[in-house]
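S.K.: Produce the complete structure using the sequences and hints provided.
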Amino acid sequence: MIFFRKKASWEIPESEVTDYKVYQNRRQFLNNSLAIGLAAALPSTSYAISNDQVESLTNLEKSSFSSDEKQTPFESITTYNNFYEFGTSKESPSLYATEFPDRTKPWNITIDGECDKPGTYDYHELIKPFALEERIYRMRCVEGWSMVIPWVGFPLADLIKQAQPNSKAKYVEFTTLLDPEQMPGQNRRVLDWPYVEGLRIDEAMNPLTLLSVGLYGKELLGQSGAPIRLVVPWKYGFKGIKSIVRIRFVEKMPMTAWMKANAGEYGFYSNVNPNVDHPRWSQAKERRIGEFLKRKTLMFNGYSEQVADLYAGMDLKRYF
Amino acid sequence: MTGMNILYIKRALFFICLTPLILLVWRLLNDELGVNPVETLTRSSGLWALRFLLLTLFITPLRWLTGVNKLIQLRRMIGLYAFFYALIHMLLYLGLDQLFDIGDIWKDILKRPFITIGFISFLMLLPLVATSTNKMMKRIGGKNWKRLHKLTYLVAAASCLHFLMLVKADIREPIIYIVILAGLFIVRLTHFSKTKLSVSH
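Chains as they are written, first to last, in my numbering: chain B, 1 to 320; chain V, 1001 to 1201.
Do not rely on the hints blindly, as some may be mistaken.
Heads up, simulated EDC-like pairs for lysine to aspartate or glutamate below, C-alpha to C-alpha not over 20 Å straight-line [what the hints assert, rightly or not]:
id	chain 1	residue 1	chain 2	residue 2
1	V	Lys1168	B	Glu143
2	V	Lys1107	B	Glu265
3	B	Lys170	B	Glu75
4	B	Lys285	V	Asp1031
5	V	Lys1107	B	Glu91
6	V	Lys1111	B	Asp277
7	V	Lys1111	B	Glu265
8	B	Lys90	V	Asp1170
9	V	Lys1111	B	Glu143
10	B	Lys170	B	Glu251
11	B	Lys90	V	Glu1032
12	V	Lys1107	B	Asp277
13	B	Lys218	B	Asp116
14	B	Lys252	B	Asp202
15	B	Lys90	V	Glu1173
16	B	Lys296	V	Asp1101
17	B	Lys296	V	Glu1173
18	V	Lys1168	B	Asp102
19	V	Lys1111	V	Asp1101
20	B	Lys90	V	Asp1031
21	B	Lys170	B	Asp116
22	B	Lys260	V	Asp1170
23	B	Lys161	B	Glu125
24	V	Lys1168	B	Glu125
25	V	Lys1168	B	Glu265
26	B	Lys90	B	Asp112
27	B	Lys285	V	Asp1104
Selected chain B positions facing chain V (Cβ under 7 Å, derived; list incomplete) [as the list claims (entries may be wrong)]:
id	residue
28	Thr58
29	Lys62
30	Phe65
31	Ser76
32	Tyr80
33	Ser92
34	Val190
35	Ala261
36	Asp277
37	Pro279
38	Gln283
39	Ile289
40	Lys294
Derived from the structure by calculation, the hints contain no laboratory data. Virtual Cβ for every residue (Gly too), placed ideally from N, Cα, C.
M.R.: Here it is as structure tokens:
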């Protein structure tokens, strides 16, 4: 029997091992230390955005769909967010998503439903085959404000082609991660979690529809829907579902989170349309972030040329 | 409380009630109103209008509680401040949201229920402001004046509803104000039922 043994030279006492919690939160720890250092060095207070944690995305193709309007500053895009999974105020996501997603865990995305090549992929594995491009799009929120955002991503159509949907695939349904530990806002039933969104298959195949993995040439931050999110520039912002874990091809129109919450106000299509009334926000005008006066909202957010055909013959007042 | 005292308190109150505006202007000038400063200004001015409105309804129960009847002399200023913040709220909407386009404004009032209700509550404040002077009070008579100023309850309820209808999904904040207003109603109901009982004794 061995009652004691000699310590090897490489062994360190238990007390020197970094607490697992601290290890798990090491980025935050570094960030906090950095923030404290900065706060001491700088006269003004600055908020700790974990922008330094994310990777730069290089070799981006430019897109002819890009707008040449003045881009909304990075700070505005990343501190004024509707992402109820991290709280309902505009500031909450930037405050509570600094550690999201937990990079010690893999991020899996399941592609299933009515398709010939279903599967579950690690995020990095999933996006590897696609060439990333920069697309500068207008973003119009249903609340009456708008931004111009330089997204980085690839057309959703490319991924759909790979999955080979069958003839029953009339719609595509997207689901956000459900994990109240990482997303504290999910502890309150403000919406019926997880967040679900959907597109008609031809909308999903439109070349404008983007799966975004970054903005301003860097990987997405948590508050912007890391690691991968949808961008549909001719629809209201809430259609751009964030932090996607599942893409499913379905025959019937998916029931989205906002339709469940209030079907009278949030339709499945939710195309930007200055002529269709919304009970709370005038959709005729919008305030571009950074401007004081409102400007006129454009039909399909200015993307009529690319998307108006999708809705030919449809009564857009009925299918709002 | 002596006559001198109430004068000082009124002066102090005047500046206290002005503080929210001063802070907003300060933050505006220092670019501290966030990413959407117009929204912050509209939201804050509306909230302060509602807060001052509810505060006017606090005065009477506070008198019952403390027995300090002179508190009533502070109510007019608080009420006028409620109007002052409501006016700022209204002007921001009319000017920066609607660019003072009468046609657009009218359409918006008819189209959107929460705007309709907000607009009506603002209109209901006008007769209250117009009859806020001692002269007007005398002219229409104390009894009529009291009856007219019961409108405050309706304005407060409509303002709470306006707030509730504006919120997309998270109704916690408007609910707080609704609970406070309900509390103010209940306090009155219980007080008056008690006084009636004691009268009948």
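S.K.: For the pair supplied as a hint, Lys90(B) and Asp1031(V), confirm whether the alpha-carbon distance does not exceed 20 Å.
M.R.: 17 Å, holds
S.K.: Mind checking the alpha carbons of Lys1107(V) and Glu91(B) for me, to see if they're no more than 20 Å apart?
M.R.: 32 Å, violated
S.K.: Should the interface hint for Pro279(B) be scored as holding, given a Cβ-Cβ cut-off of 7 Å against chain V?
M.R.: Holds, about 6 Å.
S.K.: Take a quick look at whether Lys218(B) and Asp116(B) sit within 20 Å of each other, Cα to Cα.
M.R.: 33 Å, violated
S.K.: The hint names Phe65(B) as touching chain V; please verify it with the least Cβ-Cβ distance against 7 Å.
M.R.: 25 Å, violated
S.K.: Measuring from the C-beta of Tyr80(B) to each C-beta in chain V, is the shortest one below 7 Å?
M.R.: This interface hint holds because 4 Å falls under the 7 Å limit.
S.K.: Minimum Cβ distance from Gln283(B) to chain V below 7 Å?
M.R.: 10 Å, violated
S.K.: Under the criterion that the straight-line Cα-Cα distance not exceed 20 Å, is the pair Lys170(B), Glu251(B) satisfied?
M.R.: Since the Cα atoms of Lys170(B) and Glu251(B) sit roughly 5 Å apart, the hinted pair holds (cutoff 20 Å).
S.K.: Is the hint on Thr58(B) kept, meaning its closest Cβ partner in chain V is under 7 Å away?
M.R.: At about 28 Å, which exceeds the 7 Å cut-off, the nearest Cβ of chain V leaves the hint on Thr58(B) violated.
S.K.: Has the given pair, Lys90(B) with Asp1170(V), been kept, meaning a C-alpha gap of at most 20 Å?
M.R.: 12 Å, holds
S.K.: Is it true that the CA of Lys90(B) sits at most 20 Å from the CA of Glu1173(V)?
M.R.: Holds, at about 15 Å.
S.K.: Is Lys170(B) close enough to Glu75(B), meaning Cα to Cα at most 20 Å?
M.R.: Violated, at roughly 38 Å.
Comparing the model with each numbered hint stated earlier shows that hints 3, 4, 5, 13, 17, 18, 24, 26, 28, 29, 30, 33 and 38 do not hold.
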